[in-house]
Amino acid sequence: MLRDERLSQYALLIVALALVAAYLFPVYWMYVTALKTGNEITAWPPTFWPANPDFAAAEVWQRMQMATYLKNSAIIAVGVTVIVVVLGTGCGYALARVRSRWMDVVLFSILMMQVLPSSLMITPIFVAFSQVGLLDYPRSAVILAQAAKVLPFYVVLTRATFVQVPKELEEAALVDGNTRIGAFLSINVPLARNGILVAALLIFLQSLGEYVYSRSLIQNRALQPATVGLQSFMGPNTSDWQGVMTYAAIYVTPIILFFVLLQRQIVSGLTSGALK
Amino acid sequence: MPATSSSFRDGRGFDRMLVWITLTFLIVFSAFPLAYNILMSFQSVDLFTLASFDRPFVGLDNYKEVLTNSATDIIVKNTIVFVLLSVAAQLVIGFGLALFFQQRFPGATWLRGLFLAGWILPGLVVGAVWSWILAGDFGVLNWVLQTLGLTDDKIFWLSDPTNSLYSVIIANVWIGVPFNMILLSVGLSAIPDDVYEAAELDGAGRVWRFLTITLPLMRAQLGAVISLGIIFTLQQFDLFAALTQGGPSNGSNVMQYWSWELSFQDYRIGQGSAVSVLMIIVVIGVAAIYVRSTRHEHAA
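Chains as they are written, first to last, in the numbering used here: chain W, 1 to 276; chain F, 1 to 300.
It is possible that some hints are incorrect.
[Claimed, not checked] Covered stretches of chain W, going by a simulated chain F footprint (3 or more residues, C-beta under 8 Å): (1) 25 to 31; (2) 118 to 130; (3) 143 to 156; (4) 239 to 251.
By construction, these hints were calculated from the structure, which means they are not laboratory data. None of these values were measured; they are calculated from a predicted model. Just so you know, even glycine gets a beta-carbon here, dropped at the ideal spot from N, CA and C.
Build out the structure end to end from the sequences listed, making use of the hints.
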């Protein structure tokens with residue numbers, strides 16, 4: 001009886017591994033293609049393991065100017081994350097603590113602003129930014145637009161975290177003579193640290209892959225992020241798949257590592273934000 | 001003045017200030033563009049009037065031109081097909097996987113979490129990888145289909161207008177499956193085991209238990225996943241940019257991509273605004289229904 005159960009558990013495990021492998025095949029295919037030279041890429045039937053692995057990372061890094069593109073992506077992602085954390089953390093806290101009609105209205109409007117698609121907001125943002133001269137600072141323009149896009153999501157995530165911080169600790173600190181802001185910074189923020197970090201990380205990763213705003217607001221190649229760069233190397237008749245996949249692999253490997261390390265926190269953060 | 005400053009330090013003023021910091025930023029960079037968008041959709045906006053604050057009003061002309069455009073029919077139809085098929089496929093596959101990973105075996109939770117890797121990657125990278133998988137001549141998907149005997153000839157996924165929309169749908173489903181699966185898993189774990197055990201004692205089979213217990217108890221979760229699926233699907237832009245650019249001949253064009261195309265490639269910015277306004281109404285409508293329904297769940 002017990003042996004049967006163990007056996008069926010291993011059978012399930014094998015099926016599960018097969019499902020994960022099938023789902024993640026595109027990621028595998030990206031890495032394998034990055035290691036293939038031109039002849040092998042057009043081989044038919046395709047090879048599932050490179051016959052002569054060819055590391056093109058250094059050459060692609062140089063030729064496709066990846067240092068510049070990745071630097072711009074990092075600047076945009078850091079800028080967005082800083083703005084969002086500084087402006088949004090307090091709001092998440094206030095929405096978790098105060099229950100009133102007017103807070104309900106605020107939360108509702110924030111949720112509505114969370115769903116506005118970038119591809120639809122870019123038209124008015126482009127015109128307004130160009131009229132006030134913000135397009136002269138294109139990366140800052142992207143940072144501001146993207147921060148407005150993801151700030152609601154961050155507020156919703158941190159609100160779910162602050163709901164779980166017990167009120168009593170803060171009240172005790174207030175009785176001891178702390179100011180509200182003192183209690184917020186020394187009690188609530190440290191206790192909600194993990195949730196804030198996960199939310200900030202999700203915002204950072206999302207902004208690292210931002211495309212619509214960067215494509216539309218940044219004309220100067222030297223200021224464009226990695227997504228726009230990747231797109232420019234993928235014409236309709238691309239044949240340099242090794243180059244494109246190597247570029248993609250260099251770009252997303254840090255993201256994948258981050259994800260594998262923090263998988264559990266990311267999963268729990270996400271589910272709490274989407275359902276509460 | 002002293003009264004307000006002490007209110008910041010000790011009273012309700014502090015909460016209000018925190019909320020207003022966020023709201024001010026959102027009003028300037030989200031609500032204002034939203035209003036400006038509506039205004040521009042009634043104006044003639046092109047490269048010449050772009051910088052002007054005094055643009056001619058044209059009434060409903062932008063909307064009329066957009067709705068009578070020869071491409072409108074196919075783009076509206078594509079948008080509907082794109083949303084329906086993507087959401088349905090994500091839901092079915094995501095639900096199936098959620099049910100599978102609900103069973104007890106070593107590493108179930110961790111392996112389930114790995115699926116989210118697909119969700120966390122930049123959309124443009126996902127698009128690049130799929131455009132190589134779907135490539136007509138040397139794409140691996142055609143090899144798989146041929147080997148399985150599902151097709152004799154190579155399918156030109158991206159360059160054939162009858163297929164191009166489906167290639168974007170395939171990639172979009174790939175992105176959406178993990179999110180559906182994780183949210184539905186949360187709902188499944190909340191169903192107590194003894195409900196199933198009681199039904200099993202009553203002689204209910206697997207399928208019957210799924211239909212009479214799982215589905216009804218998952219109603220709220222399914223509603224959430226479907227609404228969020230529609231919202232995310234209407235936000236999808238990167239895949240179109242990476243895979244088909246809406247082509248060939250609008251074969252895979254959808255409203256949210258068309259709006260961008262009108263503004264940034266044809267420079268008919270007023271018309272881009274009109275399409276954008278129409279779609280924002282749809283998105284906000286879906287979101288409002290979703291938020292209101294979750295409210296009722298909490299109140300009950």
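Note to self: Which constraints among the numbered hints does this structure fail? Numbers only, ascending.
What the structure shows: Structure breaks no hint.
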